[in-house]
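With the sequences and hints as input, model every part of the structure.
Order-wise, the sequence lines are chains B and F. Going by the working numbering, the first residue of the first sequence is number 101, and it counts up by one from there. Going by the working numbering, the first residue of the second sequence is number 101, and it counts up by one from there.
Be a bit skeptical, because a hint or two may be false.
The list treats identical chains as one, so a pair stands whether inside a single copy or across any two.
Said to hold, decoys possible - With a straight-line Cα cutoff of 25 Å, these simulated SDA-like cross-link-like pairs (lysine to any residue) come out:
| hint | residue 1 | residue 2 |
| --- | --- | --- |
| 1 | K121 | V189 |
| 2 | K121 | E337 |
| 3 | K130 | R635 |
| 4 | K367 | R635 |
| 5 | K554 | D566 |
| 6 | K493 | S569 |
| 7 | K389 | P464 |
| 8 | K241 | V575 |
| 9 | K389 | F615 |
Hints listed in this document are in silico derivations from the structure and should not be mistaken for laboratory results.
2 protein chains.
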Amino acid sequence: MKIALAQLNFFVGDFDGNVSKMLAAVGEAKAQGADLVVFPELSTCGYPPRDFLEFDDFIRRSERAVLKLAEAAQGIAIAVGSPSRNPVVEGKDLYNSAYFLEDGKVKHVQHKALLPTYDVFDEYRYFEPAKEFKVVEFKGKRIALSICEDAWNVGNENPLYTVVPTDEMMPQRPDFILNLSASPFNYGHAKDRIQVLQANVRRYGIPLFYANHVGSQTEIIFDGGSLAVSPSGEVFEELPYWVECVKTFDLEEVVRGGRHVEQSKEKVALIHDALLLGIRDYFKKLGFKQAILGLSGGIDSAVVAVLAARALGEDNVRVLLMPSQFSSDHSVNDARQLAVNLGIQYDIVPIEPIFERYEETLRPHFIGTPNNVTEENIQARIRGMLLMAMSNKFGNVLLNTTNKSEMAVGYGTLYGDLCGGLSVLADVYKTEVYELAHYINKDGIVIPENSITKPPSAELRPGQKDSDSLPEYDVLDAILFQYIEKRQGPHEIIRMGFDEATVRRALRLVNMSEFKRHQSAPVLRVSPKAFGVGRRLPIVGKYLS
Amino acid sequence: MKIALAQLNFFVGDFDGNVSKMLAAVGEAKAQGADLVVFPELSTCGYPPRDFLEFDDFIRRSERAVLKLAEAAQGIAIAVGSPSRNPVVEGKDLYNSAYFLEDGKVKHVQHKALLPTYDVFDEYRYFEPAKEFKVVEFKGKRIALSICEDAWNVGNENPLYTVVPTDEMMPQRPDFILNLSASPFNYGHAKDRIQVLQANVRRYGIPLFYANHVGSQTEIIFDGGSLAVSPSGEVFEELPYWVECVKTFDLEEVVRGGRHVEQSKEKVALIHDALLLGIRDYFKKLGFKQAILGLSGGIDSAVVAVLAARALGEDNVRVLLMPSQFSSDHSVNDARQLAVNLGIQYDIVPIEPIFERYEETLRPHFIGTPNNVTEENIQARIRGMLLMAMSNKFGNVLLNTTNKSEMAVGYGTLYGDLCGGLSVLADVYKTEVYELAHYINKDGIVIPENSITKPPSAELRPGQKDSDSLPEYDVLDAILFQYIEKRQGPHEIIRMGFDEATVRRALRLVNMSEFKRHQSAPVLRVSPKAFGVGRRLPIVGKYLS
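Following this line, the structure appears as structure tokens:
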């Protein structure tokens, strides 16, 4: 039997587009001689559909998409993920289902049992968990259908669920497992995913075929990396990341094993490529072509400019250099040099004249008050406004250049440098931004060396350096990683050897700046714990603050 | 037996504060002769604790809070909600639990079975559902402990869960039910809540005591309205809204019934009072005293100014009037008159000089382009920046004045009039803002009549009216209500008799402006479906857009 994995880039809510893509893939799978083609979880409606699932109209469209695919299931069977209705009045109204389509009809539907409701996931918000588990027979083989998380309750020390769906199917002696997934990327996820699938295969002694989404949906990036795993536990083949593909496997060959194709998992390269896809899909799916951003001469905006030029083409990126009285000459020179290196349009727009007018306007109201962060914020906000004015006038999307360290501690001005339609680096710690910069420069200088080597500064007052008000980034990032990614509390982090006052201050800054993150642009997620939909904290709270 | 309901205003993460409040209430209940005092759901840590629950440190502090309360359970028993750990490795690590404390010890723990994971709720994100149900015996009575949603699976046509927890307890013949709740306010909720509790009481034929939170946590407002319900189904007493109270009931009296105390449920009054509490708690819990906002002379900012002055005191509210060349004289006059009526500080800051400087600065980059929304946005953003500058300089919080109709269709400028720390009206449709204005003026003119009667306008270009670009608000709001609150799709709404083109355009505007809502201030929730944490939609999507 020949099984095709179809790793496609879907678009949430675009039923027509998603179905045509799948119909083309059915054709390709047939041409490859496949008996069966496997699409990922919730392919018809895209993932994550979120509260669109609460609309009956949306579910009807999903159902019509499944029926269209069923019509195409002639001479080939199709496994596809789509929502289905729960006919029982008790419980949620929907299931997250795998449809098995054969001979123009729906032959079997297996619902998802394990509904992830952590981090970016909200599945129990919409779906009833499956309580029945049945294999489907096809051409003399028994197939265990499972959906993403269904495979994730084995091979970990602290299982989140009390059921293991595939265990329930084992008495029916399946020949292989199909896992339909929507498993979001983070820089460690491909490794985790392979380990979990290997644990499954070793537990059951049968091969597993895993079809994943590729593409980005607002902040959530899917890397692809679909898999055929041999019963020995060996990865038979891992499909490429970041690209759509349809690839057919011979079941017997996968059972035999002895082949091993795996993708490189170098962290910095993964982040780089993920961000390119995240930028590209955000623009393509929103129907925009051009980006704008502010270049400060610093490393963050330099990295974003390079990523944008690589993702969208240098003709589709323009930058503003917006020096103030506190900007050093080298900042403007470094920014200009980068623009020249990239071949992107740049304009220099000094902010001092506007700043002076704000000062004049506010002077009567500020009488008797000392200069403070207010004046720094005004400068940052003038820059944000100029960028937004260009964005509004020319229809390009403002890219935000804040990094994760700044976003964590609230080192940024709301409505100023926190402006933007998409935040490219806010899940990349400052120390990782340096890694990205070196990676970008690996085959020759793109980002001027000076932008990388000089001490970070917001240049909002004379001689200002980030390290005046923040711990050095290597220390800060290590503390933030423990708190944000690892959910360690102050005692645990201090016990690791970090200075107590620094830890308490860092955690306090994180908790006190939730209000800024709440109003920030969506953040491309590349880590296991990004700011945004996957991290939900009170704005008004009194914990470590 | 005498049972005290303690309806208190907790603060998320403030364990010390929450415990002292509860200890004081224990004292008060004792003074009232109570045998048992009942606190709401998750009282120790406050509700909703969100991802703080993922921190072991946070759970340890909750546990310590329970032990402190247990020490106080001498001569009185205490029922209190707090997280507890799931000792079984499979499943989530926590339960949402009701502790029964007696004689200085934890006598019994009943976990919550029904974990709401819709709208603003995320409980299955953290908690394992209870599978065991045991009554607790106290002074010869058997008590069924239930937690909030546990009571909500009866009395509705489409139950969300397959279990009814109190049904499971009935073989143990409980004498009464205690329900520990954290049930957020909306203008229809008190009625729903009473109906659901009545359905419970009628189903089991025993009295029910219901303790709810009062107070606001960022965007979620709790009204209180704790209840004693007689076995006949009659509301014996509904405690007041918006205030803390401890009230003791005699079980035999509640069983006998014949008493009926209920609070007024007039919609506009409820919304008015809820917004006052929402503003007051936001400031108090964040540690701020003073608010600032822009007064345009229109109805929205007028209503917010009144609410702020009533919530914080007139000395704690200041306003800016920021006329442009397009502002009409009456706008400035109406705004000034309101400030005078309220006795709040106002300053007039014309924006034209700054606007001109922006135009000069951008002129070389805008050559050959026509004036468009860009220039309107610049004006709105100058106002936002001036307000933020005052906010930064004087440490007051900017209140946002956008209403729900504007927020829905994206009629507002990001980083301009969408600025603010808290959005007061973004869950109040424009037609409801009028109701609020009339309610405010019911005992005499506070808001100038002219602000209420003139046609709504953003005054960003000559003669501009909202109705130039939007349907009339009575039509628009009716369509939005069906789409947002009722989750009706285009076909259903058109079938109700609305013009097809208007419906399609309105829904498209809603879906296209998700990016603006994503970056907006937290919205005080007063309706069954508010923008923010309870409504989760993709920014990049292709559905009805």
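Structure-based check of all given hints:
1. Taking the closest pair of Cα atoms, K121 and V189 never come within 25 Å of each other, the shortest separation being 35 Å inside a single copy and 42 Å across copies.
2. Taking CA atoms no more than 25 Å apart as the test, K121 paired with E337 passes inside one copy only; the shortest distance there is 23 Å, against 61 Å between copies.
3. Proximity of K130 to R635 under the C-alpha cut-off of 25 Å is found in neither arrangement, the shortest distances being 43 Å within a copy and 41 Å between copies.
4. Within a single copy, K367 and R635 get their C-alpha atoms as close as 22 Å, which meets the 25 Å cut-off; across copies the closest is 34 Å, which misses it.
5. In this assembly of identical chains, K554 and D566 lie within 25 Å of each other by CA distance solely inside one copy; the values are 11 Å within and 50 Å between copies.
6. With identical chains, the CA atoms of K493 and S569 are at most 25 Å apart between copies only, with a shortest distance of 19 Å across copies and 36 Å within one.
7. For a Cα distance limit of 25 Å, the shortest separation of K389 from P464 across copies, 23 Å, qualifies, whereas the shortest one inside one copy, 44 Å, does not.
8. Taking the shortest Cα distances, K241 and V575 never come within 25 Å of each other, neither inside one copy (56 Å) nor across copies (58 Å).
9. In this assembly of identical chains, K389 and F615 lie within 25 Å of each other by CA distance solely across copies; the values are 17 Å between and 31 Å within a copy.
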